[in-house]
Amino acid sequence: MTTIQETVPREREGVRREALHFAVRNGKLMAGLVIVLALLLLGLLGPLLVDATPNEYGPRPMSPPTGEHWLGTTTFGQDIFAQFVYGLRSTFAVGVIGGGIAAVIGMAVGFAAGYLGGFVDEVLNMLTNVILVIPTLAVLLIVNAYLGIRSVAVQGLFIGLTQWPWAARAIRAQTFSLRTREFVDLARMSGSGTWRIIAREIAPNMSSYLFMTFILLFGGSVLIASSLDFIGLGPTEGVSLGLMLQNANQWSALQLGMWWWFVPPGAAITAIVGALYVANVGLDEVFNPKLRET
Amino acid sequence: MMLRLDHVTKVFRIGAFGGRTVTAVADVSFDVVPGEVVSLIGESGSGKSTIGRMILGLNPATSGTITFDGRPARSGKEYYRHVQGIFQDPFSSFNPVFKADRVFAMIKESYRPDVPAREWDERVRAALRDVRLNPDQVLGKYPHQLSGGQLQRLLIARALLLDIKLLVADEITSMLDASTRIDVLNLLAELKTRGLGVLYITHDLSLGNYLAERTIVLRKGTVVEMGPTGEVFGGPLHPYTRELLSAVPRLHQEWTDAEAVETCLYHERGASGGLLEAGPGHFVACARLTTC
Amino acid sequence: MSLHVSELEVHYRTLRGDVRALDGMSFELGDGEILGLVGESGCGKSTLGKALIRMDGRMRHVGGRVVLDGRELPIADDRAMNDFRFKEVSLIPQYAMSALNPTRKIRKMVGELLRSRGAALDVAELERRMDQVGLPREVLDRYPIELSGGMKQRMVMVISTLLDPSLLIADEVTSALDVSTQKAVARALLGFRDSGYVKSMIFVTHDIALTHHIADTIMVMYAGRLAEKAPADVLVKAPRHPYTRLLIDALPEVGVRYAERRLEGIAGSPPSLLDPPPGCRFRDRCPLAGDECAEQPPVAEVAPGHYVACWKA
Numbered sequence: 001m002t003t004i005q006e007t008v009p010r011e012r013e014g015v016r017r018e019a020l021h022f023a024v025r026n027g028k029l030m031a032g033l034v035i036v037l038a039l040l041l042l043g044l045l046g047p048l049l050v051d052a053t054p055n056e057y058g059p060r061p062m063s064p065p066t067g068e069h070w071l072g073t074t075t076f077g078q079d080i081f082a083q084f085v086y087g088l089r090s091t092f093a094v095g096v097i098g099g100g101i102a103a104v105i106g107m108a109v110g111f112a113a114g115y116l117g118g119f120v121d122e123v124l125n126m127l128t129n130v131i132l133v134i135p136t137l138a139v140l141l142i143v144n145a146y147l148g149i150r151s152v153a154v155q156g157l158f159i160g161l162t163q164w165p166w167a168a169r170a171i172r173a174q175t176f177s178l179r180t181r182e183f184v185d186l187a188r189m190s191g192s193g194t195w196r197i198i199a200r201e202i203a204p205n206m207s208s209y210l211f212m213t214f215i216l217l218f219g220g221s222v223l224i225a226s227s228l229d230f231i232g233l234g235p236t237e238g239v240s241l242g243l244m245l246q247n248a249n250q251w252s253a254l255q256l257g258m259w260w261w262f263v264p265p266g267a268a269i270t271a272i273v274g275a276l277y278v279a280n281v282g283l284d285e286v287f288n289p290k291l292r293e294t
Numbered sequence: 001m002m003l004r005l006d007h008v009t010k011v012f013r014i015g016a017f018g019g020r021t022v023t024a025v026a027d028v029s030f031d032v033v034p035g036e037v038v039s040l041i042g043e044s045g046s047g048k049s050t051i052g053r054m055i056l057g058l059n060p061a062t063s064g065t066i067t068f069d070g071r072p073a074r075s076g077k078e079y080y081r082h083v084q085g086i087f088q089d090p091f092s093s094f095n096p097v098f099k100a101d102r103v104f105a106m107i108k109e110s111y112r113p114d115v116p117a118r119e120w121d122e123r124v125r126a127a128l129r130d131v132r133l134n135p136d137q138v139l140g141k142y143p144h145q146l147s148g149g150q151l152q153r154l155l156i157a158r159a160l161l162l163d164i165k166l167l168v169a170d171e172i173t174s175m176l177d178a179s180t181r182i183d184v185l186n187l188l189a190e191l192k193t194r195g196l197g198v199l200y201i202t203h204d205l206s207l208g209n210y211l212a213e214r215t216i217v218l219r220k221g222t223v224v225e226m227g228p229t230g231e232v233f234g235g236p237l238h239p240y241t242r243e244l245l246s247a248v249p250r251l252h253q254e255w256t257d258a259e260a261v262e263t264c265l266y267h268e269r270g271a272s273g274g275l276l277e278a279g280p281g282h283f284v285a286c287a288r289l290t291t292c
Numbered sequence: 001m002s003l004h005v006s007e008l009e010v011h012y013r014t015l016r017g018d019v020r021a022l023d024g025m026s027f028e029l030g031d032g033e034i035l036g037l038v039g040e041s042g043c044g045k046s047t048l049g050k051a052l053i054r055m056d057g058r059m060r061h062v063g064g065r066v067v068l069d070g071r072e073l074p075i076a077d078d079r080a081m082n083d084f085r086f087k088e089v090s091l092i093p094q095y096a097m098s099a100l101n102p103t104r105k106i107r108k109m110v111g112e113l114l115r116s117r118g119a120a121l122d123v124a125e126l127e128r129r130m131d132q133v134g135l136p137r138e139v140l141d142r143y144p145i146e147l148s149g150g151m152k153q154r155m156v157m158v159i160s161t162l163l164d165p166s167l168l169i170a171d172e173v174t175s176a177l178d179v180s181t182q183k184a185v186a187r188a189l190l191g192f193r194d195s196g197y198v199k200s201m202i203f204v205t206h207d208i209a210l211t212h213h214i215a216d217t218i219m220v221m222y223a224g225r226l227a228e229k230a231p232a233d234v235l236v237k238a239p240r241h242p243y244t245r246l247l248i249d250a251l252p253e254v255g256v257r258y259a260e261r262r263l264e265g266i267a268g269s270p271p272s273l274l275d276p277p278p279g280c281r282f283r284d285r286c287p288l289a290g291d292e293c294a295e296q297p298p299v300a301e302v303a304p305g306h307y308v309a310c311w312k313a
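Residue numbers (the numbering used here), protein chains in the order written: chain L, 1 to 294; chain D, 1 to 292; chain U, 1 to 313.
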């Protein structure tokens, strides 16, 4: 007799509490989150632990990992661990800013076009296609080249402004198919307005999809940032994981057997994107009650 | 008079920039009064579901008027207080990521925010008992944990929690098993004793015949015959109605082919266009206009 | 006897354990016989149809044998079944619409299909059969999307019986069709049997009234088991199993009105086949159930060709 009193009136908190209950018991989600959080913490706290400034030339070049230089040094004697922790910081920043901005624009455009349809859809679709066919990397090159001072935030902002179209298209397609489901009609007949239906009926059905979109945008931003770093249009000061990889490549670290130079940044980028992907699979199981019943 | 359709037409634009048009419903007029079940019968492509959606304000009519209690029907919170719909696929009618009883919570949020939680629970339980469901068996479950019949009953109970006057039931039993289908139909029939009007949309003639006081037969978006169910099924006048009836498989009778059409009523009576009144309340369209 | 199924057991693997979709089914099908297979969703009728031609990845053959024309069908061996599919056993799927390759014209598709089975296309024969089901010959030069649902269904019927299989399984072929098309498809099926294109047929459906018009014998399944099997007229007019009786009583025939005679459904729902209760599976919903029903009733032949699994029959 108590079930209804618990579930009906406080339905939203109920759903949330239940999702949390399954979330903490999901191995994939927890493992993915732990890896990402560990790297994030390392990026946040690491710079407080090292004395060396990342780009300072040191006296012992090409040193493999030692007690003094945990991850060894570069051809110029720079401390790789210092570069790594600072690089993590800017990589996370550019991923969050770029991926976040692209996700917000992509969701707004995708939901509006897919749900409202008709004229709104045609206009938004045209805008999306225009941005989609612009050679974004070339635009980023030009913009970055014009800007004298380049910070991680500005880099992230421009990446975000050019990355959203494919996300918008994917979300539009999903919204389009969900819109024709009868529960949307029933929500309308329950007196719900357009944005409430999008937020409370359609979005929850694709929550893991939205998270996945963010992950891919996050990863894409990291990779684009690395490409910009590669051709010397990265942040004017500081380091990033992309910059480290590029330097390692430029100074033939692979051929010289200096694995400690390129493995940490490469592994970190892979670990961040990979862990987020695994977390996404777990999240799918948490949000989809059908997958839950194992 | 509760629900009235006057010369309602629906044209869909399809293709890029609406280049082509398809007429789904053409010049349909009928009404539904309180306390009666009207069945709207047609095959796929007859426009029957489009009519249902227009009455529910989910699609606008291209021309013609739909009025409810004298006021134009349009989607909106106040309209849905009195007019509700149930659709064919029970599993698509519930949002799969939430529990099924969320449909009640949504009603409370929009229409009954002032009712205390405890009293609302009692009302929900009473409505569930009205549709012969055991509240303890269905509350707190996800849609995939319930059967199709249980889900359709939940939706009838949901409508009962409002000040409902008209229910549009679009093929609500076509995905249910024979053993549970009839009970859902009986529930619809009971609604009319509460003074509700029910528009029962179906492709199944035997179900329409079982339930409805009046029958409207649609073909390609137009009404070919309508009238009291007993007369439409007992003495069908339009060749299309006869053909449909002869195609229905019956348990104790072999399939027969519909007899040939005798002379058109129109020519005998000299009527032209629209529907001709063949008997009290029994209307039929010109066979020549609709079968050629 | 062309088909002989004995003690067939097929399970579905799910995350929560094995669902006993078919739990010891035995029946026979004679030459030229059309068997109507009726039951509610989840009773195992579609599983039976699939098991006879192609098991999907989640299905597992647990026990029992299937013998067709004196040869045992290797139903558990997907590869070995290839020699039988299409030539000996053929299927018309429920959604024929999606069985046709949308990018090929019908003529080309039929040719490719036959070649993959090592047979040549006999156009004259194909056209003769199309005439028989009332399909115009132009259909061969159209794409599947240009055909209506009923035409696609009939086209698939013609294609799947081109090699004159011994057994044809028609899985809910009429449920998505309008009544008038339904009648044409059903009559076409009868015509195929009468012309000898197929020796015997299993017509899977949930519609007893329709089956009655096509089938010689009707078999009613309930929760993975046989409930009753009898000649079509006998099953409809004098059913012995309480489930069959209630099912037929719940059918609103044209002419029955709510206002005059109120029909009743069957209360309750079928048991879960994950862990089915012992004894008769219909016991919980049965108005006649008694103590003996705690034990599983055997399938008994109460009259020639009339089999019932009920203690009270």
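Check the hints yourself; a few may be wrong.
[Unchecked claim] SDA-like cross-link-like pairs, simulated, lysine to any residue; straight-line CA separation at most 20 Å:
#: 1; chain 1: D; residue 1: K165; chain 2: D; residue 2: L187
#: 2; chain 1: D; residue 1: K77; chain 2: L; residue 2: P204
#: 3; chain 1: D; residue 1: K77; chain 2: L; residue 2: A170
#: 4; chain 1: D; residue 1: K220; chain 2: U; residue 2: S180
#: 5; chain 1: U; residue 1: K108; chain 2: U; residue 2: A80
#: 6; chain 1: D; residue 1: K77; chain 2: L; residue 2: A19
#: 7; chain 1: D; residue 1: K141; chain 2: U; residue 2: S272
#: 8; chain 1: D; residue 1: K192; chain 2: U; residue 2: P74
#: 9; chain 1: L; residue 1: K28; chain 2: L; residue 2: I197
#: 10; chain 1: U; residue 1: K237; chain 2: D; residue 2: L251
#: 11; chain 1: D; residue 1: K220; chain 2: U; residue 2: K312
#: 12; chain 1: D; residue 1: K77; chain 2: L; residue 2: I197
#: 13; chain 1: U; residue 1: K237; chain 2: D; residue 2: L187
#: 14; chain 1: D; residue 1: K220; chain 2: U; residue 2: G149
#: 15; chain 1: L; residue 1: K28; chain 2: U; residue 2: L15
#: 16; chain 1: D; residue 1: K77; chain 2: L; residue 2: E182
#: 17; chain 1: D; residue 1: K192; chain 2: U; residue 2: V234
#: 18; chain 1: D; residue 1: K192; chain 2: U; residue 2: R261
#: 19; chain 1: D; residue 1: K77; chain 2: L; residue 2: A23
#: 20; chain 1: D; residue 1: K220; chain 2: U; residue 2: H206
#: 21; chain 1: U; residue 1: K237; chain 2: U; residue 2: G149
#: 22; chain 1: U; residue 1: K312; chain 2: U; residue 2: Q296
#: 23; chain 1: D; residue 1: K220; chain 2: U; residue 2: S148
#: 24; chain 1: U; residue 1: K108; chain 2: U; residue 2: G118
#: 25; chain 1: U; residue 1: K87; chain 2: U; residue 2: M55
#: 26; chain 1: D; residue 1: K141; chain 2: L; residue 2: P204
#: 27; chain 1: D; residue 1: K77; chain 2: L; residue 2: G193
#: 28; chain 1: L; residue 1: K28; chain 2: L; residue 2: R196
#: 29; chain 1: D; residue 1: K77; chain 2: L; residue 2: T194
#: 30; chain 1: D; residue 1: K220; chain 2: D; residue 2: G195
#: 31; chain 1: D; residue 1: K220; chain 2: U; residue 2: S269
#: 32; chain 1: D; residue 1: K165; chain 2: L; residue 2: D185
#: 33; chain 1: D; residue 1: K141; chain 2: L; residue 2: T270
#: 34; chain 1: D; residue 1: K141; chain 2: U; residue 2: P271
#: 35; chain 1: D; residue 1: K141; chain 2: L; residue 2: E285
#: 36; chain 1: D; residue 1: K141; chain 2: L; residue 2: A19
#: 37; chain 1: D; residue 1: K220; chain 2: U; residue 2: D178
#: 38; chain 1: U; residue 1: K237; chain 2: D; residue 2: D114
#: 39; chain 1: D; residue 1: K77; chain 2: L; residue 2: E285
#: 40; chain 1: D; residue 1: K141; chain 2: U; residue 2: R262
These are calculated hints, taken from the structure and not from any lab test.
Cross-check of the supplied hints:
As the CA atoms of D:K165 and D:L187 are separated by approximately 15 Å, the hinted pair is consistent with the 20 Å bound. Distance restraint check for D:K77 and L:P204: the Cα-Cα separation of roughly 23 Å exceeds the 20 Å cut-off, and the hinted pair is therefore not satisfied. For the proposed pair D:K77 and L:A170, the alpha carbon gap of about 32 Å is over 20 Å, so the pair is violated. Distance hint between D:K220 and U:S180 is fulfilled; the C-alpha atoms sit about 14 Å from each other, no more than 20 Å.
For the proposed pair U:K108 and U:A80, the alpha carbon gap of about 27 Å is over 20 Å, so the pair is violated. Taking the CA atoms of D:K77 and L:A19, the gap is about 31 Å. The hint is violated against a cut of 20 Å. For the hint linking D:K141 to U:S272, the alpha-carbon distance of about 17 Å falls within 20 Å, and the restraint holds. Annotation: proposed proximity of D:K192 to U:P74 is violated, straight-line Cα distance about 56 Å (limit 20 Å).
Of the pairs offered as hints, the one joining L:K28 and L:I197 is violated, with about 30 Å between alpha carbons and a cut-off of 20 Å exceeded. Among the hinted pairs, U:K237 with D:L251 is consistent with the structure: their alpha-carbon atoms are about 9 Å apart, no more than 20 Å. Of the pairs offered as hints, the one joining D:K220 and U:K312 is violated, with about 50 Å between alpha carbons and a cut-off of 20 Å exceeded. Pair hint D:K77 plus L:I197 holds up; C-alpha atoms about 14 Å apart against a cutoff of 20 Å.
Our distance criterion of 20 Å between C-alpha atoms is broken by U:K237 and D:L187, whose separation comes to about 28 Å. At most 20 Å may separate the alpha-carbon atoms for a hinted pair to count; D:K220 and U:G149 meet this at roughly 16 Å. Restraint check: the Cα-Cα separation between L:K28 and U:L15 comes to about 18 Å, which is no more than 20 Å; the hinted pair holds. Distance check on the hinted pair: D:K77 and L:E182 sit about 18 Å apart at the alpha-carbon level, within 20 Å; holds.
In summary, the hint linking D:K192 to U:V234 is not supported, as the alpha carbons are separated by about 38 Å, beyond the 20 Å threshold. Distance check on the hinted pair: D:K192 and U:R261 sit about 17 Å apart at the alpha-carbon level, within 20 Å; holds. About 36 Å separates the Cα atoms of D:K77 and L:A23, which puts this hinted pair outside 20 Å; it is violated. Between D:K220 and U:H206 the alpha-carbon distance is near 28 Å, which puts this suggested pair outside the 20 Å criterion.
For the hint pairing U:K237 with U:G149, the CA-to-CA distance comes to about 33 Å; that exceeds 20 Å, so the pair is violated. Annotation: proposed proximity of U:K312 to U:Q296 holds, straight-line Cα distance about 12 Å (limit 20 Å). Note on D:K220 and U:S148: the hinted pairing holds, with a Cα-Cα distance of about 15 Å set against a maximum of 20 Å. A distance of roughly 15 Å separates the Cα atoms of U:K108 and U:G118; the hinted pair therefore holds under the 20 Å criterion.
Note on U:K87 and U:M55: the hinted pairing holds, with a Cα-Cα distance of about 17 Å set against a maximum of 20 Å. For the proposed pair D:K141 and L:P204, the alpha carbon gap of about 18 Å is at most 20 Å, so the pair holds. Under the criterion of a C-alpha separation no larger than 20 Å, the hint pairing D:K77 with L:G193 is consistent with the structure, at around 9 Å. With a C-alpha separation of about 31 Å, the suggested pairing of L:K28 with L:R196 is violated against the 20 Å cut-off.
With a C-alpha separation of about 13 Å, the suggested pairing of D:K77 with L:T194 holds against the 20 Å cut-off. Proposed proximity of D:K220 and D:G195 is contradicted: the alpha carbons are some 32 Å apart, above 20 Å. Between D:K220 and U:S269, the direct Cα distance comes to roughly 38 Å. Violation of the 20 Å bound is thereby established for this hinted pair. Straight-line distance between C-alpha atoms of D:K165 and L:D185 comes to about 19 Å, which keeps the hinted pair within the 20 Å bound.
Proposed proximity of D:K141 and L:T270 is contradicted: the alpha carbons are some 40 Å apart, above 20 Å. For the hint pairing D:K141 with U:P271, the CA-to-CA distance comes to about 18 Å; that is within 20 Å, so the pair holds. Distance check on the hinted pair: D:K141 and L:E285 sit about 18 Å apart at the alpha-carbon level, within 20 Å; holds. Among the hinted pairs, D:K141 with L:A19 is consistent with the structure: their alpha-carbon atoms are about 15 Å apart, no more than 20 Å.
As the CA atoms of D:K220 and U:D178 are separated by approximately 13 Å, the hinted pair is consistent with the 20 Å bound. Between U:K237 and D:D114 the alpha-carbon distance is near 57 Å, which puts this suggested pair outside the 20 Å criterion. About 35 Å separates the Cα atoms of D:K77 and L:E285, which puts this hinted pair outside 20 Å; it is violated. With a C-alpha separation of about 31 Å, the suggested pair D:K141 and U:R262 falls outside the 20 Å cut-off, and the hint is violated.
Hint check: violations occur at hints 2, 3, 5, 6, 8, 9, 11, 13, 17, 19, 20, 21, 28, 30, 31, 33, 38, 39, 40; the rest are consistent with the structure.
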